[in-house]
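These are the residues of each chain, in order.
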Amino acid sequence: MWQTNSYGDDVHVIDVATQKVVGHIKVGPQPHGIAAPDDAHVVFVAIENLKGPLGELVWVDPITYKITHRLTIGPKPNQIACTPDGRWVYVPCNDGHYWVIDARAKKVVKKIKTGGRPHNTQCSRDGRFMYLSPMGPPKRVTIVDVKANHKVVGEIPFANSVRPPALAADNKRFFQHIDGLVGFQVADIASRKVIATVKHTIPEEYKGKKSRCHGLAIRPDQKEIWSCNVEHKTLHVHDITKEEFPEITRIPMIGRIYWLCFTPDSRFCYAAVRSEKKVCVVDCRTKKVITHIEVGNIPKRNLVITLK
Amino acid sequence: MPASPRVLRVVLLIFGALFLLANCTTSGPQHHNNPLAAKGKALYLVSCAACHQANGRGLEGIAPPLAGTRWASESEERLARIVLQGLRGSITVADKEYNLEMPAMGFFDDQDIAAILTYIRAAWGKPAESVSQETIGKIRIQTRERTDSWTVEELLGSP
Numbered sequence: 001m002w003q004t005n006s007y008g009d010d011v012h013v014i015d016v017a018t019q020k021v022v023g024h025i026k027v028g029p030q031p032h033g034i035a036a037p038d039d040a041h042v043v044f045v046a047i048e049n050l051k052g053p054l055g056e057l058v059w060v061d062p063i064t065y066k067i068t069h070r071l072t073i074g075p076k077p078n079q080i081a082c083t084p085d086g087r088w089v090y091v092p093c094n095d096g097h098y099w100v101i102d103a104r105a106k107k108v109v110k111k112i113k114t115g116g117r118p119h120n121t122q123c124s125r126d127g128r129f130m131y132l133s134p135m136g137p138p139k140r141v142t143i144v145d146v147k148a149n150h151k152v153v154g155e156i157p158f159a160n161s162v163r164p165p166a167l168a169a170d171n172k173r174f175f176q177h178i179d180g181l182v183g184f185q186v187a188d189i190a191s192r193k194v195i196a197t198v199k200h201t202i203p204e205e206y207k208g209k210k211s212r213c214h215g216l217a218i219r220p221d222q223k224e225i226w227s228c229n230v231e232h233k234t235l236h237v238h239d240i241t242k243e244e245f246p247e248i249t250r251i252p253m254i255g256r257i258y259w260l261c262f263t264p265d266s267r268f269c270y271a272a273v274r275s276e277k278k279v280c281v282v283d284c285r286t287k288k289v290i291t292h293i294e295v296g297n298i299p300k301r302n303l304v305i306t307l308k
Numbered sequence: 309m310p311a312s313p314r315v316l317r318v319v320l321l322i323f324g325a326l327f328l329l330a331n332c333t334t335s336g337p338q339h340h341n342n343p344l345a346a347k348g349k350a351l352y353l354v355s356c357a358a359c360h361q362a363n364g365r366g367l368e369g370i371a372p373p374l375a376g377t378r379w380a381s382e383s384e385e386r387l388a389r390i391v392l393q394g395l396r397g398s399i400t401v402a403d404k405e406y407n408l409e410m411p412a413m414g415f416f417d418d419q420d421i422a423a424i425l426t427y428i429r430a431a432w433g434k435p436a437e438s439v440s441q442e443t444i445g446k447i448r449i450q451t452r453e454r455t456d457s458w459t460v461e462e463l464l465g466s467p
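Line by line, the protein sequences give chains A and B.
Residues in the first sequence are numbered consecutively from 1, following the numbering used here.
Residues in the second sequence are numbered consecutively from 309, following the numbering used here.
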């Protein structure tokens with residue numbers, strides 16, 4: 001499991017078999033987004049570089065932990081996505097555009113204007129579509145056909161500024177955190193319409209305290225969606241096999257959580273507890289916290305890769 | 309018929325007033341003679357303007373305005389805390405609520421933060437006062453144990 005430390009300059013690597021830190025890689029100032037192809041022959045990390053005018057995309061070898069390439073890109077890149085074959089990387093930059101990188105040629109091939117503050121990105125399992133979730137006024141997700149020369153083919157409007165998303169593996173449902181909702185909205189991708197607004201159950205001790213959601217992920221077995229409720233320090237688990245998306249349980253966290261990911265076998269969830277500089281490991285079956293792992297400064301985005 | 313000296317005086321007064329008014333309503337001229345503010349402007353444009361905008365008016369759903377707000381014109385120490393440790397949670401500015409996280413910028417040194425805040429105040433807050441490097445250093449020491457970002461409630465309880 002690779003954990004970026006968004007106010008540091010490094011990434012921690014954790015072995016999911018032992019839940020121990022096995023690697024520590026210096027990548028550059030304020031590493032933010034992370035993505036990898038299915039075969040994990042490379043890991044891409046977006047360097048936000050808050051102090052400078054431009055960011056970077058770096059290529060990291062997951063075996064040697066060496067950086068094999070650096071590409072200067074637009075300002076302050078955030079959460080990236082790549083196609084399953086690793087050919088295309090979409091990078092949301094703070095210039096109103098998603099930058100499209102040809103990772104094979106190692107160059108920028110296109111910039112897609114979404115407006116707002118480009119921030120989050122999702123790729124469909126088949127690599128055909130990219131879903132762009134910019135924060136701010138657009139209040140919509142832009143859908144791009146990767147194979148049609150990165151052409152915009154649709155939009156899904158949401159009720160408010162869009163935040164972290166999640167995408168079902170069958171490419172039918174799109175789940176989206178939005179501002180002002182402690183919960184998420186669900187869109188039907190085919191009709192480009194929101195079909196449900198799902199609210200989390202607020203724990204009694206936090207009733208009346210404002211919060212927001214940041215970090216949404218579908219368990220690889222496609223049975224549950226897990227959502228980070230930041231200020232209420234709670235992970236909410238919902239059943240996505242039912243159209244009402246009922247909440248199954250809530251898992252209290254030790255601090256404010258900002259992102260999460262799963263092992264491919266759906267056994268463990270890793271939640272980045274940014275306020276405690278730790279990663280919380282949760283057993284997905286029992287929904288119990290197993291351990292906490294010390295990482296770096298303000299951990300946010302994370303990702304499990306499987307070395308072939 | 310040539311204008312009387314009295315008419316000329318009135319015309320000059322009107323032009324003078326218009327000139328002063330123009331200078332007071334734009335951010336530029338107020339910091340032209342302040343090298344610290346000029347440096348701060350360059351840093352602001354790189355690291356702050358994408359969210360707060362070059363004109364300080366903010367961006368809906370992303371970052372609140374600075375221009376014309378109490379945050380720019382009141383406590384410089386409060387501003388220093390925001391830059392050093394960041395800001396989180398709900399904040400209402402100019403009747404609009406924002407609920408995002410401003411990243412900590414403590415990686416800037418004291419002089420750079422002083423420059424940024426001097427520019428912000430020169431442009432949209434208290435033009436006559438520079439923020440000193442010493443003030444930033446003092447706040448950095450006072451808050452050195454602080455690892456988390458601030459909330460509005462905490463900040464409004466501080467000087």
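Simulated from the structure, these hints should not be mistaken for laboratory data.
Every value quoted in this text rests on a predicted model; they were computed, and no experiment measured them.
Just so you know, not all the hints are guaranteed correct.
Taking lysine-lysine and the DSSO-like style, the derived pairs with C-alpha atoms no more than 30 Å apart in a straight line are [as the list claims (entries may be wrong)]: (1) K207(A) <-> K404(B); (2) K404(B) <-> K210(A); (3) K147(A) <-> K207(A).
Structure-based check of each hint:
no.	hint	in the structure
1	K207(A) <-> K404(B)	holds, 23 Å
2	K404(B) <-> K210(A)	holds, 15 Å
3	K147(A) <-> K207(A)	violated, 47 Å
Hint compliance for this structure: hint 3 is the single one not met.
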